[in-house]
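So the protein lines, in turn, are chains A and B.
For the first sequence, the residue numbers in our numbering are 1 to 450.
For the second sequence, the residue numbers in our numbering are 1001 to 1334.
Any given hint could be a false lead.
What the hints assert, rightly or not - Straight-line Cα separation of at most 30 Å, DSSO-like style, residue types lysine-lysine; simulated pairs:
1. B:K1323 to A:K238
2. A:K364 to B:K1325
3. A:K135 to A:K286
4. A:K21 to B:K1323
5. A:K135 to A:K12
6. A:K162 to A:K12
7. B:K1323 to A:K262
8. B:K1066 to A:K161
9. A:K30 to A:K286
Note that these hints are calculated values from the structure, not bench results.
Take a look at the letters that make up each chain.
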Amino acid sequence: MFIFNGLKTFSKGGIHPEENKLTTDKPIEKLPVPASVSIPISQHIGAPAVPIVERGEQVKTGQIIAKTGSFVSANIHASVSGKIAKISEEMDSSGYRRTSIMIRADKEEQWAEGVDTSDTLIQEIPFNREEILQKILGGGIVGMGGATFPSHIKLNIPKGKKADVLIINGVECEPYLTSDHRLMLEKTEELIVGIRILMIALNVEKAIIGIENNKKDAIDKVSSIIRDDKTIHVVALKVQYPQGGEKQLIKALIDREVPSGKLPIDVGTVVHNVGTTFAVYEAVLKNKPLIERIVTVTGKQVKNPGNFLVRIGSPVSQLIEAAGGLPDNTGKVVSGGPMMGKALNDLEIPITKGTSGILILDEKEAHRKESKVCIRCTKCVQVCPMGLEPFYLQNQTMRANYEEIESNRILDCIECGSCSYICPSNRELLDYIRLGKATVMNLIRERQKV
Amino acid sequence: METNLLTVSPSPHIHQVQSIPKIMYDVVIALIPAFLFSVYVFGLGALMVTLVAILSSLLFEYVIAKYIIKRKADILDGSAIITGILLAFNVPSNLPLWIVVIGSFVAIGIGKMSFGGLGNNPFNPALVGRVFLLISFPVQMTSWPVPFQGRMSLADTVTGATPLGIIKEGVKNGESMSSLMKQVPSYFEFLIGSQSGSLGEISALFLMVGFIYLLYRKVITWHIPVIIILTMFVFSGLLWIGNPDRFIDPLFQILSGGAMLGAIYMATDYVTSPMTLRGMYIYAIGIGVITVLIRLFGAYPEGVSFAILILNAFVPLINKYIKPKRFGEKVKNG
């Protein structure tokens, strides 16, 4: 709809909350190995992995400890070396208790054989498509932008479909978060090699990296490295939430709309986040599985906000300590960004593959304002990036009118939260839409059984 | 363990700063230039009518919420103040104050609270009040004070017809358009607002200043007002080209009467206008067409109020059938 300064963006809806990128200039800081880690076997969309270790067993860093449970699943690796202390049900960021493997770390870290832990850049890609897919599957790579969809499945293109372009998501549209930004600045070469690996895996001749224009240094850095490469392009995007949403990014970059209920591959593309792309580089060329990630720890009251490289399974509290401790007036701790992140009820919850940030909000920011009557201002309709009517979906969900919300495409909702954010009456739009979605999905399942 | 408990709630965890009172007071601010100009043109009467309309609207809202509906009376959310101002803007500045109070009662009591209050009324409350008064007190509601005359008096002032009234009467009596045009103010006078008319409708210029403010503050979008004015211009323009002796020109149409006031401030009322952009197009075109039809062929010289109320009635139907363009609905790939 709007193209300012010639910058591309998606065409429908969207909001521009305060960016609050407090940690843009904080280099990635590697945190020491924690005393113990608690690694959930379900850190991805799909079936949980199946543990293949037992209590008391000694494991090395990078060793596989739980194997893919079914087609849509991902391997889980030990993120520290040490003894398996227990395998038990522990609370994770979803608020549910799920099986987790706890490892007490050795004093001296021992890495699994074949893992290259050096920082040396490798440019040669001596593998074919099949070998790459095997290594990505073996490395337990999942989408690190937050959705945690197993990456090998996205690369495994179904028969009869074809991708012609790879899209790399460097948008980071969530306020506060900067982990992808720092990665693009500090691991640029590796990122580009990662993109080449993905291009081989997808058999495409073209890749586009979309980066929002509030990260000009990253745009410049990436552009300078790929200057001579005619197959990889960088596109600066207008700052607009939720541009990091897969469908919105595809629309913004190549002007294709993924139809309702379909996948990006149905319009000839596959989208991977920059964090995932870097993890692919490490898994394929360094033999290093996904055992650590960059997490932004931030918040207006946080003493020392920063971007930290931490092992998967580290407790959130370790990161908060690294950022100067929990501020006195803390009201809420969010795993992820302020728009789509999950509020944590316990600070011992572990960092998982999808944790992009830890956001600390004070007492005042933590509470919602009182909900008032809908004055039909149409703002929720205007900002919905999927062209839905949030006010109507809420009303009809409240009235249990499930057929009506289904035919009004409630399942298209990507839960970006733009409607709840914009509502001047502070109505619980997304809360009810989630309820409606879950109910409609159940009803569809029931229908299919009959 | 930490001692203070963490708040847990679903996302999103941040919220923009706008609220109902902020939106409502922005509308009030937008109406201030036109109000001050009216006081300048019509004097004390304009001030008194507006004050009485606001205060009586607040009073009726409070009493009805507290003693009849029996719930917390949120009278300072700004909505009753807007209703009061808009009602005042839609009546002559010499209207007896007791009639103003009746108008407020009908606007707030019948137009708004009987449906459940803010957010639930199908019709624009101020217009419900205005039309009730027009039908019940036709004489008082159509005796327009002449600008700049008797500004310090509340009693009998010099009255005259509005430009739209002059044209309507003249056409009925078979006068030619060219001679009628000599009896009405120039377009420049229309723009500034030194002609007879309702209290707040006279100055297109100051109403547009408020419009720009509302756009800047993102309270409303340009669609409804611009499309109403454009529709009136095009539709009356076609008729005028067809028969310039019988019909007045389109510029006169959009500058005169309540066109600007209605299009900018009353047709855009959140509660009573459609929810989708495409719905707004239909609604705005409907208002434009019906306004021109009433003005040129109806019994009344002015039709904006009726046109808006008629289209208000269609809003639920429009919302039911006109849906926003869904993402991925029309696949254009390649």
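Original post:
Tell me, which hint numbers fail for this structure?
Top reply: 2, 4, 5 and 8
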